[in-house]
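**Q** Generate the whole structure from the sequences, applying the supplied hints.
Here the protein sequences line up with chains C and A, keeping their order. Following the numbering used here, the numbering of the first sequence begins with 856 at its first residue and continues without gaps. Following the numbering used here, the numbering of the second sequence begins with 82 at its first residue and continues without gaps.
If you are wondering where the hints come from, they were derived from the structure by calculation, not from laboratory data. Keep in mind the model is a prediction, meaning the values are calculated, not measured. We treat Cβ as the ideally placed atom computed from N, Cα and C, and that holds for glycine. It cannot be assumed that every hint is accurate.
As the list claims (entries may be wrong) - Just some of the chain C residues that point at chain A, by a computed CB distance under 7 Å:
#1 Arg965
#2 Ile1076
#3 Leu1102
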Amino acid sequence: MSSPEVELPIESRVHYLNAGYGIKSWLLTTDHKRIGLMYLVSITFFFCFGGIAATLMRLNLLEPQGLLVEPETYNKLFSMHGIIMVFFFLIPSIPAVLGNFLIPMMIGARDVAFPRLNLLSWYVFMTGGLLALYAVIAGGVDTGWTFYTPLSTAYSNTHVMAAAAGVFIAGFSSILTGMNFVVTIHKMRAPGLSWFRLPLFIWAMYATSIIFILGTPVIAISLALVGLERWFHVGIFDPALGGDPLLFQHMFWFYSHPAVYVMILPSMGVISELVTAFSKKKIFGYHFIAFSSIAIAAIGFLVWGHHMFISGQSIYAGLVFSALSFAVAIPSAIKVFNWTATLYKGSISYEAPMLYALGFIGLFTIGGLTGLFLATLAVDQHVHDTYFVVAHFHYIMVGGAVMGYLGGIHYWWPKISGRLYPDGWARVAAIIIFVGFNLTFFPQFILGYLGMPRRYAVYPAEFHTLNVVSTAGASILGLGYVIPLVYLIWSMRYGPEAGPNPWHATGLEWTTASPPPTHNFEETPVVTEEPYAYDRLAEEIQVV
Amino acid sequence: MSNSHAVVAEQFDDRAQQHEASSLGMWIFLATEIMFFGGLFTAYTVYRNIHTAAFETASHLLNAKLGAFNTAVLICSSLTMALAVQAAQMGKRKRLITYLLSTMALGLVFIYIKFILEWHHDFLEGLAPGLHFTYAGPHASRVELFFCFYFIMTGVHALHMIVGEGVMTVLLVMAWRGAFSQERYNPIEMMGLYWHFVDIVWIFLFPLLYLLGARF
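**A** Okay, here's the thing in structure tokens:
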């Protein structure tokens, strides 16, 4: 992996960003890097919508009686927050943005296996997203992101159909992305790039794609059944007519629990890259991390019943699901131990991406361990449907998935844009986000343990103080999210040129120019060594 | 998944890689289809276990002879599809066109029987849940649930047949124009995989829906 020839300035070189101009050159592109950027813009847009809903909720909870909105509106706020953040931000976040951008480059390919399907996936995603947005603008939906029956089929008089149809359609973009990634990883690897020379990010994306492929069709059919039941009232999920609402919960969580791993696995892949790059050290336990991704995807399909411990599911099924949920903690813990072992005696530097990575490791550990509380049958009886659950999954999804996403965006931004962002601001933002996050969600563990139920617009006065702390934290967190938006956009025009490998990192994506040419590499790279060969890289740098 | 040019698409190194990639892509697509139908089969199986007697009663309202005939039609269409793939591999254009046309014709026979002779009849008999359901025998609401699944499952299956007919029309035009050869028959092979999959789904649907209880 030799570094490329002397670099021309960005403007005088043809790369994927200036290879074509005008809106058409983007909307009709089949370049995986441009499609990744289109996803980046789209999901940032949806993130803002979901964030506004969260802001309004936190403002409302400043007062025990509700500061701002009617309870009906509050129901719609948390539903839209959940639907948009889960289906239109978190699930596509790292796979569709960084996965699209990086997978072909990391494996030394010119593009994904099916570039036109890749573009189609973006259009499908936008169709679903706009339909969900229509549901918000037309008056909202109040079922929560889970669309539980019979509320969604018989009682809710909000725009359930539009929102469910949006999620249904967006699911097909996940399927297309997953198909594309699996085929690309299997069939498009550069010469010499055997499975155990792949970056761990690729292993994580592979595991994620498996979940996309095997899980998403099930939620598609579940939501289709909800739609039919809502239209015709034929009793598919109505006990009075012979149906079973619990069946919907089984089908919904068969996808939606693995979907949690769709959110966290890609982040874990990012963290594996960041931890090695900023410790300048070969990763500890490569094979364990690679296979733990696959194990998480596999076991993740067998734990869905832990969402139904108190929904009338058989107690014996509950015991099995509880044990399996404990089992999924093993591969997760393997990753955390290997990351920390990689840090040990590494030459650690604290650039912004590394701050996100370290934040991730801590927050994910808290989120994961509290998950074990919830997987315990007796404890779950106590904290089920309380803020404890809310805090737990936000530690995974925001403290884990979003931290990994932001860390990844910061790490690969020089490759994406060809320019550097101001590292000082980036570090400040990372710290603000970390502080704001903990201030928002740690009090919610306590609130939940004390018995405050989730999804309520009002609460008893005794919970006032902790709710004020949480809302204060949310404002800090919100500020933290705005700062990167500003300096990343600024850097696209004014940032200093990054050069091909600003972090002195290993990996094929750093051997090509920044931003890369449309076909990624001047000539197909040949791989001759293990990944993360930081020992050799360090020698090279010393020689230079 | 195929591309309409005879050349290798720019992201691939050679034809073999392109061929392998589209085959793997097709198998993965079929895996997603299995999960999609799997959700329906699971839901159906759960209710069939809860309401065994009602589902048997309801199953006996279906015309098993037409169902059996349609099963035979589909198996024949699988045969002609397999022969079409073989013709494409050997580069025999006329035979390919003949077998594609026979497959499409058999598919249309299936769809005709399904929609006109069965669905239309069921509708007139008052067995269409939510729209026109007049059955008033024992377990009426459970019978309605059965028919609900009957229409969803056979409907989704028929939708796959119609999509298959559409894609085959495109392939037929391409075959007519001589787009396929011994080097390039991949799209026909992929179509074959899809068509056999749709057949297999029916092979499971037929006994699950039509042959409940002691019937013959």
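**Q** Hint numbers the structure violates, sorted upward?
**A** none
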